[in-house]
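Residue numbers (the working numbering), protein chains in the order written: chain A, 74 to 504; chain B, 74 to 504.
Hints listed in this document are in silico derivations from the structure and should not be mistaken for laboratory results.
Accuracy of the hints is not assured; some may be wrong.
Remember, identical chains collapse to one label, so a pair may be satisfied in a single copy or spanning two.
[What the hints assert, rightly or not] Cut-off 35 Å, straight-line C-alpha distance, at most; resulting in silico cross-link-like pairs (DSBU-like, lysine-lysine):
(1) Lys250 to Lys289
(2) Lys89 to Lys164
(3) Lys192 to Lys251
(4) Lys422 to Lys310
(5) Lys422 to Lys247
(6) Lys422 to Lys307
(7) Lys181 to Lys192
There are 2 protein chains.
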Amino acid sequence: MRKSVFILKGNIIYSKNRTGLEICEHGYLVCEDGFVKGVYQTLPFRLGGNPVCDYGDCLIVPGLTDLHTHAPQYAFRGYGMDMELLEWLEKNTFPEEARYREAEYAEKAYRIFTAGLQKSAVTRACIFATVHREAALLLMDMLEKSGLVTFVGKVNMDRNCPDDIREGTEESAKETKKWIRDVIGRKYANTAPILTPRFIPSCSDELLEKLGALAKEYRLPVQSHLSENTDEVKWVKELCPWASCYADAYDRFGLFGTESPAVMAHCVYSGENEIQRMKENGVFVAHCPESNMNVSSGIAPVRRFLDEGIRVGLGSDIAAGTTENLFAAMAHAIRASKLRWRIQDGTLKPLTVEEVFHMATKGGGSFFGKVGSFEPGYEFDAVVLDDRRLASPRLPDVRSRLERMIFLADEREVRAKFVRGEEVCSQNLKC
Amino acid sequence: MRKSVFILKGNIIYSKNRTGLEICEHGYLVCEDGFVKGVYQTLPFRLGGNPVCDYGDCLIVPGLTDLHTHAPQYAFRGYGMDMELLEWLEKNTFPEEARYREAEYAEKAYRIFTAGLQKSAVTRACIFATVHREAALLLMDMLEKSGLVTFVGKVNMDRNCPDDIREGTEESAKETKKWIRDVIGRKYANTAPILTPRFIPSCSDELLEKLGALAKEYRLPVQSHLSENTDEVKWVKELCPWASCYADAYDRFGLFGTESPAVMAHCVYSGENEIQRMKENGVFVAHCPESNMNVSSGIAPVRRFLDEGIRVGLGSDIAAGTTENLFAAMAHAIRASKLRWRIQDGTLKPLTVEEVFHMATKGGGSFFGKVGSFEPGYEFDAVVLDDRRLASPRLPDVRSRLERMIFLADEREVRAKFVRGEEVCSQNLKC
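Take these sequences, add in the hints, and give me the full structure.
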């Protein structure tokens, strides 16, 4: 059978590793059957005759991966921020999430969230819903239509939260199983379930044990929070006196990368034991620098994670973070690392443009498989960026233009977006 | 003579002091002859019959003041940031600034800068040009046409910079005097000169003495940099062994608030002596949090300044900061203060929404006189913000909408802008 091939032309930038950038100016990026065939300075003779979309002087980068976000919190992004994590959860988050019991509200809110994600440069995301099974399915239906590829989790909570969103332990496990079977029945192409115990303070050992069994039975990945805030870390020690570290409280139940892939958000206060556990278990870190500033958590030792070879991606962490714009997350990651280096620990050098770009593309993307790069065989997720809004008396070089995107781009720069070889959204189209 | 009166209607928000917000929902903001007459929940009978522009559910806030920015650096905002201050000056800034010798380049670049400022929510700014007299005048001509009110400074430098932008000591003073007289001759309505010794490392004592004389002769205000970076502070100690602190190196020559108002950017490393000097001399601080992160300077102890009663405004510090969007500066100020509190010094509590809003309006505005508030008698600078882009399943209260603006607004939210009672720019008009 004849293969489906198309070609994008522009200034192609991608990461093979975290220290360098691959740049091919006015080059050809070839898609074959949804996968990257290659990047070429000159189009090979054998590929001639296929359609080329020439984006002129635009930048073409891999789709970005948001490794940690909360769909129901998009409704209150940008306000109620004069608090730390635990108070913020109690005052802002839990009351808002309780509203998702009502399908009508959930539909209205999730439509806004999905539209925001669709317009952005993000092509993949790991998303928390709420405890409500129906609302989670509704969100997954919408995301499936968006063309983006996502992991979505119905949240589990059976303690330390208000009555109206607390599940019974047995109920939580049962609803989760029912949700998984519903999802399987819907045969989504791009939307997959991920187990989502909220965090240790809101999940009893018994619940975690049941979720561990589900992870094994259905081979489901896991997402949660880890060592975000000092009060939270202290609380986990009280709740799980038997755990050698916060991570251990997940690991004991097979929810920390041993049975299935796991991604943990924050890791601001991960000590040496925990870092080693993350490394041994191949756990992904979702670094959420804006969130860590906004709710006064601190700054994660990202350079340590990278030095250990731990895989790190970026998370917007809506609504402790305010924006789905992953370029902003890259810039915040650089800034946070500079402050950490200056103020807290001069041994951990600031993150570079190359490193944060790697995190936002291949670093986080690899949670989805071969995603986030233009190396041959990678899934074809690409974003075309038009930076003419940022007028300049002289055009900087391509690497500088990428750096400028990191500090200044938003959805206005997204000219076109491709996921798994399909164009999903363009500013020129009605999304 | 009949007075000129017009009225804006909307959700009016402003600061009287730094701890509270004045909010008048669906209220009337009355302008009389370019000044604020008052804010009213119900329009007083005697004001009836005057034109009302009803902005519905929009927010109306005082125009924002950017207390520190560099017009020639707008050309390279967002890139070349993997450096600290002194290296960044040498590699990025000085070579770019040297280009402003050519009028053609300066015109092209300053047109972009001015357009950016005009679209933003900023109504007042303190702006560095370059050492070039002609280019500074050109910038002032453009700003005058923009309708914004600005202080603009021809920069002075006679040491420690490349030959092509270093002036002789005598030459620098002479050119400055000629520039001042040229400015006086142009009879600008909204554009005023401000003395601008770049910073101590690039100005000899002899030059500062001459500038001090000019400050006195022409009663000109002064803008400069102070205690931004550790290496810079060390260098100043070597260059001015006679100075008791960095501030003293300006103060000795009458350039630190005694002869005329002075605004100093950064003050990250101002010690107790320097803080007391700032207080005694009534010096304004231009807090530039994004810049301080981007070039790894650190975090200024803003809470200390406020506790001392020192007047603090916000600066974008383009291009060590990346954006003229002062909302972003407010958000960065909050974030930086939270990290400082968490990591560096738990005694200085994080800045609040009320405090950063005050800094961006009345705090910085007061460098221009009675500016930055809607109290009666203030100059009428107002910005109308339309936040419908930030869709939400339910409309938050007005204070929350202001907080959301701080974290998420950019020039797209600016529906209309008034300076000294004149409408200067609206997204609906061609600016």
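We went through each hint and held it up to the structure:
no., hint, result
1, Lys250 to Lys289, "within (12 Å within a copy, 79 Å between copies)"
2, Lys89 to Lys164, "between (43 Å within a copy, 28 Å between copies)"
3, Lys192 to Lys251, "within (32 Å within a copy, 52 Å between copies)"
4, Lys422 to Lys310, "both (30 Å within a copy, 27 Å between copies)"
5, Lys422 to Lys247, "neither (47 Å within a copy, 45 Å between copies)"
6, Lys422 to Lys307, "both (28 Å within a copy, 22 Å between copies)"
7, Lys181 to Lys192, "both (17 Å within a copy, 32 Å between copies)"
In summary, the structure is inconsistent with hint 5 from the numbered list given earlier, while agreeing with all the others.
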